[in-house]
Amino acid sequence: MVAQFSGDAMNSADPIVSLQQVSMQFGSTRILHAIDLDVPRGQTLGIIGESGCGKTVLLKLIVGLLRPSVGRVLFDGKEFVRLSESELTRQRLRIGFLFQGAALFDSLTVYDNVAFGLRAQRRAEADIAEVVRQRLQEVGLPWSTATKMPAELSGGMRKRVGLARALALDPEIMLYDEPTTGLDPIMTDVINELILQTRQRRPITSIIVTHEMRTIDKCVDRVVMLYPLSRLQPGQPQILYDGSPAGLRLAEDERVRQFIEGQARDRLVELARQEEAHS
Amino acid sequence: MFSWFLDTLDHAGQLTLFSFRVLRGCFSLAGRETLLPLCVQFGWGSVPVVLVTGTFIGMVLAEQSYAQFRSVGLQTSLGSIINSSVIKELGPVLAGVMLAGRVGSAMAAELATMKVTEQIDALRCLGVDPVQYLGSPRFLAAVTLIPVLTVLANFMGVMGGAFICIYVYRVESHFYWQNSQGYVGLFDLASGLIKPMFFGAAMALISCQRGFDSEPGAQGVGRAATRAFVASFVAIIILDFFLAMLLNNLEAQWWPSSRGMR
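In the order they appear, the protein sequences are chains A and B.
In this text, residue positions in the first sequence follow my numbering: the first is 9, and each later residue adds one.
In this text, residue positions in the second sequence follow my numbering: the first is 1070, and each later residue adds one.
Read the hints as simulated data drawn from the structure, not as lab findings.
All C-beta atoms in this analysis are idealised placements derived from N, C-alpha and C, irrespective of residue type, glycine included.
Don't take each hint at face value.
Said to hold, decoys possible - Facing chain B, a subset of chain A residues (Cβ under 7 angstroms, in silico): (1) 73; (2) 88; (3) 96; (4) 97; (5) 105; (6) 109; (7) 119; (8) 125; (9) 128.
Claimed, not checked - Below, a sample of chain B positions facing chain A; criterion: calculated Cβ distance under 7 angstroms: (10) 1187; (11) 1196; (12) 1314; (13) 1315; (14) 1318; (15) 1320; (16) 1321.
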């Protein structure tokens, strides 16, 4: 089931997203270093790694919210930094983004949130109503939530509205930034189901940044594990693992197994030592 | 010292670029559906505070100048000094500062919160330029509403001053108004309405830019709001000086006779 849309696309030499030697730093803090990553059309890619390893930054680089310090980020062969304003907007609409906190516009109702991107495209109001109704239904929200304000919603509902809003524009690729963080186990599984459903209904490419191993096991074709730069020796690659989710548990790298099994080992001691060195 | 200079230059450059984007958005009427609610929020919400401060400014001017004018027997001329101060300076500046305090810092805090909660990023992802969508209607609302608020502040200031002079200090009302009339001309009224438009523009641009430029976290939001107010206030006072100079020169050149009348 997982490989539904990935069969032919996997072999395609024409990836929808391509990162070439991408490095990113904020001020003097280096987040990403020399990342090479191709995402074939139709694939569902999971990106894992501990907090602060640059997963979210990676997503924001792909959608062009951030510019790489070094290297190139290509979306469908185009480099966002070289596009004109209007072309950039057009390309960005092909990408859906589910933000970590859903990032709903809190002055607008659920309906207006989902309709927002469509209105910006000057679509007819009747079409918009139809799309909003469909998308809310798709993410399992009753029509009565349409008139609610984001502040009245629970965390899980906000995430689902965020997903409906991103899907309203029929993106070719969905980026999920920690879609299940802060949700209870049931709601986590609901979101996982939605991610699966989303790709079953349309030939969509997905990139999911997560800490949640259940999401990895259930939803993805391929996993990439990033490691914080600050913990690497110079010259070591930042991508520790790139392969199938099944292979993750068999990985030889100690650090990969430590992460998926959630074992701190001597990390606490190490963290304390780092703190000392800083102060 | 040198780095402070560079920082200031950097801020000025960013503000300039930001302003161009906002102005461009004004022409394409970006975010026009939010304009009316913003006008209500900025304008209607500021009416009470402008009314109260305007009245008291007029009253305190009367109170402070009465004794001095009285001592030289010129109390009937009080109207001229009070009304021209209110209409040329205090009304516009007061409206600008009130708007900066009430609206500017709230605007900065709102935009900063939107940035922290990734709503600004979300706008971008939905194909909307956040600077134009959020900045332009705020700019337009501030620029169009501030003259209205100034008129209100002026009116209340004039009334407040007249109330204290005529009813409390028993200045002859006929002469009070007659003297006022001679000293406040059409040009003064007009310049008193042109200046606040610049104050409103500066306040809106500075406050929005501070909001967009905010650092993460609750502290960043708070700091953006404070900085928005302080920077707007300083900008308003400095602009006021230069605009006064410019407008006075224009008046002297175009209507050399108008000064002689006084």
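Quiz item: When the hints from earlier in the document are held up against this structure, which numbers fail?
Solution: Checked against the structure, the hints that fail are numbers 2, 3, 7, 12, 13, 14, 15, 16, while the rest are satisfied.
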